[in-house]
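Peer 1: Whole structure, please, built from the sequences with the hints as guidance.
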Amino acid sequence: MMRPELVCPAGTPAALKSAVDAGADCVYVGFRDETNARNFPGLNFSRKELGEAIAYAHAKGAKVLVAINTFPRAGQPELWHRAVDDAARLEADAVILADIGLIEYAARSHPGLRLHLSVQAAASNPDAIAFYAGRYGVKRVVLPRVLTVSEIAAINARIAPVETEVFVFGGLCVMAEGRCALSSYATGQSPNMNGVCSPAGEVRYTETHEGVTSELGGFTINKFSRTEPAGYPTLCKGRFIARDKASYLFEEPTSLNTLTILPDLIKAGVTAFKIEGRQRGRAYVAAVVQAFRQGVDAVMAGRPLPDIDLDRITEGGKQTTGAYEKAWR
Amino acid sequence: MTPGHARAAVRQAPPPFSPVLLLGLALKPVRPQVLQPVFDAMLGVIRRRHPDILDRMADYADKPVCIDPTDLPFVILLDPNPEAPALTVRREIDPAEVAATIHGPLDMLVSLAEGKVDGDALFFSRRLVIEGDTEVVVALRNAIDGAGIDLVEDISLQLGPLGRVFRGMAGAAIGLVGRMRDDFEMLRASLIAPAVKEVDAQAARIDALESEVRQLRKAARRGSAA
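For the protein sequence lines, the chains are A and B, in the order given. In terms of this note's numbering, the first sequence opens at residue 1 and continues consecutively. In terms of this note's numbering, the second sequence opens at residue 1001 and continues consecutively.
Note that these hints are calculated values from the structure, not bench results. Treat the hints with care, as some may be off.
To be verified - In the SDA-like style, the derived pairs of lysine to any residue whose C-alpha atoms are separated by at most 25 Å in a straight line are:
1) A:Lys-17 - B:Arg-1221
2) A:Lys-245 - B:Pro-1037
3) A:Lys-48 - B:Ile-1046
4) A:Lys-17 - B:Arg-1167
5) A:Lys-48 - B:Ala-1061
6) B:Lys-1116 - A:Thr-254
7) A:Lys-17 - B:Asp-1055
8) A:Lys-48 - A:Pro-111
9) A:Lys-139 - A:Tyr-105
10) A:Lys-245 - B:Arg-1221
11) A:Lys-223 - A:Lys-245
12) A:Lys-17 - B:Glu-1114
13) B:Lys-1116 - A:Glu-52
14) B:Lys-1116 - B:Arg-1048
Stated by the list, open to error - Covered stretches of chain A (in silico footprint by chain B; criterion: 3 or more residues with CB under 8 Å from a CB of chain B, positions within the stretch not fixed):
15) 39-53
16) 71-79
17) 120-128
18) 188-201
19) 280-291
Unchecked claim - Anything over 10 Å on all C-beta distances counts as not near chain A; from chain B, calculated:
20) Arg-1091
21) Gly-1119
22) Arg-1217
Every value quoted in this text rests on a predicted model; they were computed, and no experiment measured them. Even for Gly, the Cβ is constructed at its ideal location relative to N, Cα and C.
Peer 2: Set out below in C-alpha cells:
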C-alpha cells in the first residue's frame, strides 16, 4: 500500500507551525490577496511570511504548496503571474492552480515548478485529467467532492502516473466547484475570481429572542433557534421555504469526515489526503491534523482505526462521509 | 440604540457558573478606570511581542471592536488604529461607538486569543456571539489567531528576571482556577439536579403523550377511511 501524504491547511504562519508540528506532510497556503480562494480578512501570507514558513516547514521535512486557485480577471493577469513567480522564487514545493491560462504561464515560465490542479478546475474524469497532464505536465489533481470511492479508484486506474488528492475533512461544496455563482449573485463578489465565498463584509448576524438570524448581501438565509448549532453563512447551506416548509434545499451545515473510510481511500490509490479549512484557527488545524495523522499511521501499520471525536469542531455539529459513500442513494 | 444595548445578548444567554463569575461580582463596585493600567500594560506587551496583529488589522484601523466578557461587569473597547491603538475598559459601550461586539465568557475569550479553541467551532456551538460588522470580527480573529499569543509567556518575557517568578505564580493560579472550575461545576450540577430530574420526567411524559396522540391519529385515519 502506498503511504498517502497528509495535506493540511494554514491561513497564518502560526497555523502552519501547528500543522507541521502536528504531523502534516504538506501544508497549503495562499497569498494575502485575491489570487486564492480563501481571500478572507486578516488571513493568509505576505511574501516575507511565506519565505519564513517554507524555511520552517522544510527544516522539519514538510512541504509547502501555494494555492493560486482563482481565475485571473480578463486582461489583467499580472497579479496572478506575480503570485506564481513569487511562489517559484520562494521555493514552494508546488503551486495549486485552476485557470488554464495561468497553468500555461506557470508551465512555460517555470518548467521546474511542480503543478497541482486545484479542485476549482473541477476535473472529474480521466480525459480532463489527461489533458492537463499531457499538455502542461500537471502532476497531481485535486478531485471534486462529488465522486464515490469506486469512481475514484476507476479514475486512478486510468490516469497513472498522475496523482490524485481528495478531501478527507472539513467543509463540503456540493456545487460544480469553480463555477458556482450563488455567492456572486447575492454579494457581487465572486468566490472564483475574488476568492471570497460569502465575503464577511456581506454577512450579518442578528441576535433575537428566538435565536440568531444570518443574512448574506441583505438576503436572510437562515434562522437558528437558541439551542440549534449554526453553520457557515453560505447560500448553499441556507434554509429556504418551499411548499410552505423551511428546509435545507441544497445542503445541511455538516462537515466531511472520512476517518472511518481511510482504508478504502488508500486502497483506491489516492496519493494525498487534503484537510479543508485555511479559514479555521490553529486549534482546528492541530486537532484535525493530529487525528488524521493517527488515522493514516494506524492504517499503514495495520492497526485498528482510532476512535477520535471531532464533533466539537464540525459545522452544525454534524459529520458525513459525503459523496464517497453516497448513502442517500 | 440606547447605551447598554451592547450587553443585551448577555441577558439572553447567562454566563456559566464559574470562579470568573464570582470574581466579576466582586469587581462590580470597582470603577473600570482602576483596571485601566492592566489593559495598558497588556496592550504594550502585544505591541512589542505581536506587531503583526495590528499589521493584519491595517484595513480596519477605524473600526473599533467591543469585547464583552459576559461574566465580568465591564467591557473592553479595542481601537485597532496602528498609529494609536488602545484597549480601554468601560462599564458599558453604546453600540453606535463600535463596528462590532464579541460576547463570551472570559476564559473562552482568553482561550480563543491563545489559539486553544477554534473560533468557528465556538460560533457554530453558539457559545460565542458576534454582532455588527462581521468582516472586522473575522479580521481580528484571524489576526489574533495568527499571532501565536501565549499570555503567560508573553508577560514573563517582559518582566526580565522576575519573569520566572511570574511564570511560576501564573502556573499555580491557572491550576487553582482549573480546580475551582471543576468544584463549581460539581456544585452547579448538584444544585440543579432536582430540576434536571423533573425536566427529564416531564420530557418522558411528553414523549408518551406524543406517542399516544400519534396512535390516536392513526386510528382516526383508519376509522375515517373505513
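Peer 1: Indicate, hint by hint, whether the structure satisfies it.
Peer 2: Checked hints:
no., hint, verdict
1, A:Lys-17 - B:Arg-1221, "violated (64 Å)"
2, A:Lys-245 - B:Pro-1037, "violated (55 Å)"
3, A:Lys-48 - B:Ile-1046, "holds (21 Å)"
4, A:Lys-17 - B:Arg-1167, "holds (24 Å)"
5, A:Lys-48 - B:Ala-1061, "holds (22 Å)"
6, B:Lys-1116 - A:Thr-254, "holds (22 Å)"
7, A:Lys-17 - B:Asp-1055, "holds (20 Å)"
8, A:Lys-48 - A:Pro-111, "holds (24 Å)"
9, A:Lys-139 - A:Tyr-105, "holds (16 Å)"
10, A:Lys-245 - B:Arg-1221, "holds (23 Å)"
11, A:Lys-223 - A:Lys-245, "holds (13 Å)"
12, A:Lys-17 - B:Glu-1114, "holds (14 Å)"
13, B:Lys-1116 - A:Glu-52, "holds (23 Å)"
14, B:Lys-1116 - B:Arg-1048, "holds (22 Å)"
15, 39-53, "holds (count 4)"
16, 71-79, "violated (count 0)"
17, 120-128, "violated (count 0)"
18, 188-201, "holds (count 3)"
19, 280-291, "holds (count 6)"
20, Arg-1091, "holds (21 Å)"
21, Gly-1119, "violated (5 Å)"
22, Arg-1217, "holds (19 Å)"
In summary, the numbered hints that this structure violates are 1, 2, 16, 17, 21.
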